[in-house]
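Asks: Residue-level listing of the chains:
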Amino acid sequence: MANHRITRITDARPDPTLDAYLAELAARLRGPRRRRDAILTELRDGLEHATDHHIAAGLPPELAATTAINQFGTPQAVTVAFAGELAAAYARRTIAALVATGPLVGIWWLLLLQPSPWRTGLTALVAAIPVIPLIAIAITAVGATLATTGRLMRWLPETSPHRALAATTAIAAVCLLGDLSMVTIGVLSGLPTRPLLAIAIAASLTRIAACITTIRHTTQMRHS
Amino acid sequence: MRPEVLKGHLDALLLAVLEAGPQHGYAVIEALRAGSDGALDLPTGTVYPALHRLERAGLIASDWQTVGGRRRRAYHLTPAGQAALGEQRAVWDQFSTAVTALLTRRPWPTTG
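Quick mapping for you: the protein sequence lines, in order, are chains A and B. For the first sequence, counting from 1, position 211 maps to 211 in my numbering; every step adds exactly one. For the second sequence, counting from 1, position 41 maps to 1041 in my numbering; every step adds exactly one.
Bound-form chain B, shown alone:
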């Protein structure tokens, strides 16, 4: 799936991945890939800026840890992020129901 298709939805996807608990950047990206059966295979280096933007908005927060000699930044949802995820889920449910209803192929009505 092309990255531009995800425009507008990446924030919600990242929040959803972090809902399970704190994860570092690469784990978030792997979770996106694994959770979508490989459909969401974004260039890894472009997902980190999206995480930084969510942190700037106060929807996630991060802590630096040292693991196995490496400095690692782990992200977690903030209460505001949890609330935003709930709102975005509701919007997506409404949107996807409407779009599915319109795009689903239906048999043409028979005439005569």
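The shape of chain A in the complex, shown without the other chains:
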């Protein structure tokens, strides 16, 4: 076992059999690009290590590479095995991005539609910006999904990757609905056209496009 420890030093070299296997895997894996690249780099190292192991045991190089590939499983099996982790990574990254960009969109609408200074409290805020309940629902769903797909899943019930994707779809749909509502309010409110309104609408339209892309991706991943 000691010869497999991380201190083992071997030279990297191209291998057409391994390259073809990894190319097929690269074509099948769905998810964030950086995560896919990391998986392929890790699998390449493992395959080369396994090939070296079989060569050391006396197999000719080509047979050693084929044996290593058989040991790893078919591209289809490996793709299915990684689908959950890639889905979870996509869900976590996407909802984190929606949370991070939320204030960049919301701030413009808040500046435009903030309630009069003499009307304070949550009721006045909701009357001025009716999508606030939607934002609260989205934030709750985001918190629950991040908690149950990350480190807190040691203590909380783990959310399956399929459910994490469903939650991401729902969160994107809520954001989409919120932004559509705000754009409609902005257009119909009779507010004078000014740079602030244009910026707010542009920000919401950008996020609407991002949400549509997210819903398309999550739907594809759930049905792949």
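Bear in mind the hints are in silico, worked out from the structure with no lab data behind them. Every value quoted in this text rests on a predicted model; they were computed, and no experiment measured them. Any given hint might turn out to be false.
[Said to hold, decoys possible] Here are the computed distance ranges between Cβ atoms for each label pair: (1) B:Ala1090 to A:Leu111: 50 to 60 Å; (2) B:Trp1064 to A:Ile107: 30 to 40 Å; (3) B:Asp1041 to A:Leu63: 13 to 23 Å.
[As the list claims (entries may be wrong)] Per the computed footprint, the stretches of chain B lying under chain A, defined by three or more beta-carbons under 8 Å from a beta-carbon of chain A, are: (4) 1009-1017; (5) 1020-1028; (6) 1054-1060; (7) 1072-1080.
Even for Gly, the Cβ is constructed at its ideal location relative to N, Cα and C.
Keeping the supplied structure of chain A fixed, place chain B upon it in accordance with the hints.
Replies: Chain B only, in chain A's frame:
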């Protein structure tokens, strides 16, 4: 041994293998195979996702290194992983004692 038999136990086995020190993915798989005298011979490509899930749960962590021109990801236990391993060992001891007691063949009691 079929992979589905291991369902629910693979996490503990991977943590146990990493208890000895940092190892890369293929070494972990080889250690599983060697440590079980070949009984745990899982499809290698399916063990990596289990390592990634343990990392997502914060039970292990990884570092990328360059060894001999290759980029290699080495995993190690986190303190939370060490604690989880201890808990899972205790659960397994209790479970295996109970199951062994029930499954062990005993001679039928004689009558008359």
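Asks: Now tell me, hint by hint, if it's right for this structure.
Replies: Hint check results:
At roughly 57 Å, the beta-carbon separation of Ala1090 (chain B) and Leu111 (chain A) lies within the given 50 to 60 Å, and the hint holds. The hinted range of 30 to 40 Å is satisfied by Trp1064 (chain B) and Ile107 (chain A), whose Cβ atoms lie roughly 37 Å apart. Roughly 19 Å separates the CB atoms of Asp1041 (chain B) and Leu63 (chain A), a value that falls within the hinted 13 to 23 Å. As drawn, the segment 1009-1017 of chain B meets chain A at 0 residues by the rule of a beta-carbon pair under 8 Å; below three, the given contact is violated.
Figure legend: the segment 1020-1028 of chain B, annotated as covered by chain A; annotation consistent (7 residues with Cβ-Cβ distances under 8 Å, at least 3 required). With 4 residues bearing a CB less than 8 Å from a CB of chain A, the segment 1054-1060 of chain B meets the requirement of three and the coverage assertion stands. Counting residues of the segment 1072-1080 of chain B whose beta carbon lies closer than 8 Å to any beta carbon of chain A gives 4, which meets the minimum of three for the stated coverage.
Consistency with the previously given hints fails for number 4 only.
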